[in-house]
Amino acid sequence: MRRAPGLALGLAALVPIAFLAVFFVLPVSGMLARGLWPEGRLDLSGVPEVLGRARTLRVLTFTLVSSLAGTVVTLLLGLPVAFVLYRLRFPGRGLLRAVVVMPFVLPTVVVGVMFRSLLAPGGPLGGLDLDGTWVPILLAFVFFNLAVVVRTVGGLWEGLDRRAEESAATLGAGPWQVWRTVTLPALAPGIISAATLVFLFCSTAFGVVLTLGGLRYGTVETEIYLLTVQFLDLQGAAVLSLLQLLAVVAMLALAARTRTRREQTLRRVGARAAARRPRRDDIPALAATALAVAFVLLPVGTLVVRSLRVGPGWGLEHYRALTDPDATAALRVSVTEAMANSLRTAVDATVLAMVLGLTVAVVVSRRPRSPRWARTVSVLDGAFMLPLGISAVTVGFGFLITLDRPPLDLRTSPILVPIAQAMVALPLVVRTLAPVLRSVDPRQREAAATLGAGPWRAAWTAEAPVLARPVLAATGFAFAVSLGEFGATSFLARPDRPTVPVVIYQLISRPGADHLGMALAASVLLALVTVVVMGVVERLRVGSVGAF
Amino acid sequence: MLELSDVTVTFPGATAVDRVDLRVEEGSVLAVLGPSGCGKSTLLRAVAGLEPITSGSIRWQGRDLRGVATHERGFALMFQDGQLFAQASVADNIGYPLRLRGRGRRERAGRVAELLELVGLGGYADRRPATLSGGEQQRVALARSLAADPALLLLDEPLSSLDRALRDRLAGDLREILTATGTTALLVTHDHDEAFTVADRMAVMLDGRIAQEGDAVQVWRHPVSREVASFVGYDTILEPTSTERRSWLPPASPGVAGRGPGAHPASSAVALRRSALRVDPEGELRGVVRRVVTVSDALHLEVDVEGVGRMPVLAADRGPEVGDDVRLAVDPRGVAHLPE
Chain H
2 MRRAPGLALG
12 LAALVPIAFL
22 AVFFVLPVSG
32 MLARGLWPEG
42 RLDLSGVPEV
52 LGRARTLRVL
62 TFTLVSSLAG
72 TVVTLLLGLP
82 VAFVLYRLRF
92 PGRGLLRAVV
102 VMPFVLPTVV
112 VGVMFRSLLA
122 PGGPLGGLDL
132 DGTWVPILLA
142 FVFFNLAVVV
152 RTVGGLWEGL
162 DRRAEESAAT
172 LGAGPWQVWR
182 TVTLPALAPG
192 IISAATLVFL
202 FCSTAFGVVL
212 TLGGLRYGTV
222 ETEIYLLTVQ
232 FLDLQGAAVL
242 SLLQLLAVVA
252 MLALAARTRT
262 RREQTLRRVG
272 ARAAARRPRR
282 DDIPALAATA
292 LAVAFVLLPV
302 GTLVVRSLRV
312 GPGWGLEHYR
322 ALTDPDATAA
332 LRVSVTEAMA
342 NSLRTAVDAT
352 VLAMVLGLTV
362 AVVVSRRPRS
372 PRWARTVSVL
382 DGAFMLPLGI
392 SAVTVGFGFL
402 ITLDRPPLDL
412 RTSPILVPIA
422 QAMVALPLVV
432 RTLAPVLRSV
442 DPRQREAAAT
452 LGAGPWRAAW
462 TAEAPVLARP
472 VLAATGFAFA
482 VSLGEFGATS
492 FLARPDRPTV
502 PVVIYQLISR
512 PGADHLGMAL
522 AASVLLALVT
532 VVVMGVVERL
542 RVGSVGAF
Chain D
6 MLELSDVTVT
16 FPGATAVDRV
26 DLRVEEGSVL
36 AVLGPSGCGK
46 STLLRAVAGL
56 EPITSGSIRW
66 QGRDLRGVAT
76 HERGFALMFQ
86 DGQLFAQASV
96 ADNIGYPLRL
106 RGRGRRERAG
116 RVAELLELVG
126 LGGYADRRPA
136 TLSGGEQQRV
146 ALARSLAADP
156 ALLLLDEPLS
166 SLDRALRDRL
176 AGDLREILTA
186 TGTTALLVTH
196 DHDEAFTVAD
206 RMAVMLDGRI
216 AQEGDAVQVW
226 RHPVSREVAS
236 FVGYDTILEP
246 TSTERRSWLP
256 PASPGVAGRG
266 PGAHPASSAV
276 ALRRSALRVD
286 PEGELRGVVR
296 RVVTVSDALH
306 LEVDVEGVGR
316 MPVLAADRGP
326 EVGDDVRLAV
336 DPRGVAHLPE
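Just so you know, the sequences run in chain order H and D. For the first sequence, the numbering used here gives the first residue as 2, with consecutive numbering after it. For the second sequence, the numbering used here gives the first residue as 6, with consecutive numbering after it.
Watch out, some of these pointers could steer you wrong.
As the list claims (entries may be wrong) - Partial pick of chain D residues on the chain H-facing surface, computed with a CB cut under 7 Å:
1. A81
2. P102
3. L105
Derived from the structure by calculation, the hints contain no laboratory data. Cβ coordinates follow ideal geometry from the N, Cα and C atoms, glycine included.
Let's have the full structure, built from the sequences with the hints guiding it.
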């Protein structure tokens, strides 16, 4: 039982570790080295200089304040929605859950385009005069991350035994006291975990900030991009990347701690309380949910409507232009061809992410007896979460400067893009599969073993049946993420083989109503493909998608 | 024959199994009886090869099992909660070990039907485990273990998750099935009635060590220490004394280590089951009833017994009430003299 398969498992773990080393650690450290070891020796003299710049201070402050505000607003809106969608029973609930979750997988560039068309002069909310302020960024943060709060907290809330609340009520606690003394403490691990992730996603957001912030508002992530691409200040970029890395590791450690606590909690609860019908006193929560649904649908609707707007009238011309390779001088290929590139790349990335992710999930779900190996496993678990928070720009640019000479000269190779996308999707795959594997009682494998099954057969018997649907779900998830990936892809995609998010960004960077119209039409197309993929996943009803 | 010699299993910071020696003869059933946390399940897992042993040896037919993987040992382990494969039907669960051995579909179906009959679940082949009651699930788990045709069957608290009445019935069934199939079995349990019903021999395990081992009746009647006595159902211990009258106690029987027949009872500790004292008008002891608790088929009394003190006493139904004077008879089968 222990020797041979332990070894095999260790060997299996080497593949993803090697992948992480070559395609993540190497590029990131190469990027850092460029900035901090400029002439072959450590030069930290730039650190205080970079950190002391007024611009750096402004960027850090904005990152911190906007992420914090985004987290707070998302939580305030997400909690009542989680309650309504997971604690109440009413017709259409499944559809509403799908609507609320949809934004999370929408490509960041598409979200940026949506909010611009919503708030731009002439847009439905153009009268609010918010275009070009920080408000659209905050709204986009909330739009994006609502799904994280609703799914993480809702999943926990759904499994909460209602009897604890009922017994508090019979002991004389009013509704507010029940919420404060029973419900909130029970949900706290989920809320902390969700808040950590939302903060993480907000503070490392790239696509939305780049498309909405313009030159006035930047986060650490866009600042790294600007320093790298426009000012060629690699030292400054390296210092900021390092700062981001440290912050992200701290956040992930925090998330991991609450996560283990949460898994224990869930195991103890077990009993599923039936959701109840809405009552009169649920009206505030229902109103908040209606607001959230409108908030999700309004930008989406605006996007679709405005993509049909041609000059003063209506028409499908922007969509027709998508198939025309000569529609604009801004693009070297037609958008449909870019879509074909996107799909091909996403398939490659998905296969890669699934093979690696499944291996990692199996390895990190084992609980070795020896404390040393247990620690190794938990470090590994954390290591594969890192790509979630490291600047995709750092990774993308790192690829270019480290993988450009033999034996790894991949700069012009088309596999670089799927590899980078797989890196981004990998943490999500692992987080979807590992909790499912951990939930399988290890004694199921032991029972199979005592009946004569070898280690592989025993694992297959106990785990394959429960893994089938989560694997499908993770595949859809990885596919959607790869399809919408922008940060690293924008560096790595060759000009003659762009993906759709890259094309959209190129289109909106150009002036002219036609360019914008095409960008809107391309966004609708990309969003449609993504939502269809995720709709299939949602139909599988896998509770753990997005459970970090 | 299974032979454990000097088996020790340690976890970081704790010794779960401490130098245990045990033997299970072929065709016999040994029950390891102990409170929860005494290390008995760890011992069973060590025999199954699921837990590495720190020192000592486990031998089967003289062959050392160190380094032999669980699936190569040929011992089936039946878990406390069955651990049926939820996605597979009852028939597929039972047929699982047969499929591992490459048996054909027809042979499998025949054997599965046979085993279902054996455990009293004929016609359940196509059911899902989740649709079965706890008792039925345990029967399926037993059938699945037997389908592996194990050289040794390991049973980890097989009936503990069931309610009282079902447990009593299934314990009897289990005994019959094990005898009928001639299965060698090692059972661990915390329930002394279950151990007594199912096993030929009994080993009481306390704190990682075997406190007493022997024929089931022998352990039942003659516990060697206070701890063993209280674990096999003796709820009162009378400490040795020179002042009390102890002539009412039956003499210590032969066969108890260190004690000749008829040794003076007052010089050793004595353990009593509730059934040791009964209300009987012909009885030799007297007392006053202080408390009456009605259970399903008897009355449990607490009686201030003259010259002895407050004692639990058994009475038939429609017995005495609080405050009554009663006479009590002693049932020697409920009395054990403990060696020092």
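Structure-based check of all given hints:
1. A81: Since the shortest Cβ distance to chain H is 5 Å, the answer is holds.
2. P102: 4 Å, holds
3. L105: 5 Å, holds
Figure legend: structure checked against the earlier numbered hints; every hint is met.
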